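Make the full structure from the sequences, and use the hints.
Chain by chain, the residues:
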Amino acid sequence: MTEALQTAPTSSTVLGGRITVRALIFWAGVTFWLGNMIVHTGTYGIAELWASLSFVAELAMITSATRTIALDRVAVLYCWGGTVMGVMWLIGSAFTFFIPDPNAVSRQFFIPLMEESLKLAPVAYLVWRGRRSRAWSMSASDIMLMGAASGGGFGLVEEAYFHLHYGPTRAVDWFQLTRINGPTLTLGHSTWSALAGATLGLALLWRPRKPFNYLLAGCGILWSIIDHSHHNYGIDRTGISVDLFNFVTGHGWLSLYFFVIALIAVLASDLNVIYRVLPPLPEFKTSFAALLSSRMGAMSTWRFILTKRALAFVSFHYKKEPPSIRGEQLEPILYRLLGRLMRLRSQSTPSLQGPLVPALSPGPGNPEISVMGG
Amino acid sequence: MDPVTSYVLAQALHPGRVDTANQVVSALCAACSWAANNMGWPLLFSGSVVAGVGAAARAAIDGGPSGGSGVLDYRGNHSGGLIPGSYIPQQQNRVVADPTATPVSKLVDGVYQALINHLQGK
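Going line by line, the protein sequences match chains Z and H.
With our numbering, you'll find the first sequence wraps up at 374, consecutive numbering, no jumps.
With our numbering, you'll find the second sequence wraps up at 122, consecutive numbering, no jumps.
None of these hints come from the bench; they were simulated from the model.
Don't take each hint at face value.
Pairs of lysine-lysine residues, derived as DSS-like cross-links and limited to a Cα-Cα distance of at most 27 Å, are as follows [to be verified]:
1. K122(H) / K319(Z)
2. K106(H) / K285(Z)
3. K122(H) / K320(Z)
4. K122(H) / K210(Z)
5. K210(Z) / K106(H)
6. K106(H) / K122(H)
Remember, it's a predicted structure, so these values are computed and weren't measured experimentally.
Structure (structure tokens):
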């Protein structure tokens, strides 16, 4: 089945095969997504795009010490966020068709539930899709960053229109997507999804026993739904129910604290795995010699680092999982990652080194080493 | 402006050998413009975002549309992608002995065995 999927043509081409249909559809989607938003919201749209990308870039920078995904994956998730925003738009229209009242209580709970779920859906889908393969090598930072990207793509248009209608708002330093309105802090779609992704990532990394795994995985998105509902419900309402919501959520500020705590927990957990699981083999040492030699060398070194981290996360799970999981799922991944790691290593270092190499020294019997070393 | 007219204009604006990308992008922009004016932008907006960005995002995960450049792709068959689904179980046996193994694969076998021993506490 996998081979069939690999060999099946993923797209047809037009006009001499220079541009794929998928690429055309993609640019059409991006044109409407970003183009329409900027045309209708002007500088507010550009400012929101900048703020949204800045937050994702901040997280990408912070997690550059722990993540195993490259930025193109983050970009894909950002696009996925835009996609599910379109889905949410349609769902919202359908909801309005049946319940036209914009202040209906059901809307204030249904919309946050759907939005938070849809934002995390692309991440959950990726994890589910790679549950026997790639998910084993993911760090909690990966899930968190992908959640932030998906949420960023999702909230882009909404925030741009919000600021178009209500003007600029105050934000917390380093969190440009937040909104401070009196005593209330609105964290924003991207940060809510990052929080949800963080707890999901920690649950996938630690894999506590049931039911704690579900509790940990779900607490982030659950809190995001609660805080999101708190904001929607509080619009044009007063009374004990609003006061209760404000008390429970700390006027929205608790979410920020939870996010920071989750980020620290994610980084600490991932760093612990990256630096403490793999054996101190010389083959695993990162060679920075090629880092400044050329762009290709730098890319090769960075890929080596990402692959080594992925190997560390698979190894971490290998130590905890039963033999059946080890043999069926983890050992093939370990072997393939090692193959990739050694290939990258041979590209970024002039010669292979380590205790396992002497028998493989360059020479007439081993021409491949000489070729790869060059 | 309808897409056909735009396409013809694009041809006229680029006499001689017109670059394919220019043609396509011009036609695409015109088609989008025409559709937005005639279909109403909210419907088109959500529809195109769902269809376009979603298809591309899915394609990117699968290794397209430009072949993907992910370091650790799920099922990319492009250069060096991780392809756990296509792992051949017999490869594990090479850890024990395989006279046809290349030097790099022998190195992988050695490191693999060392790693497994370490993880199993041997």
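Hint check results:
1. Our distance criterion of 27 Å between C-alpha atoms is met by K122(H) and K319(Z), whose separation comes to about 12 Å.
2. Between K106(H) and K285(Z) the CA atoms are separated by roughly 18 Å; this keeps the pair inside 27 Å, and the hint holds.
3. Among the hinted pairs, K122(H) with K320(Z) is consistent with the structure: their alpha-carbon atoms are about 15 Å apart, no more than 27 Å.
4. For the proposed pair K122(H) and K210(Z), the alpha carbon gap of about 30 Å is over 27 Å, so the pair is violated.
5. A distance of roughly 41 Å separates the Cα atoms of K210(Z) and K106(H); the hinted pair therefore is violated under the 27 Å criterion.
6. Distance hint between K106(H) and K122(H) is fulfilled; the C-alpha atoms sit about 21 Å from each other, no more than 27 Å.
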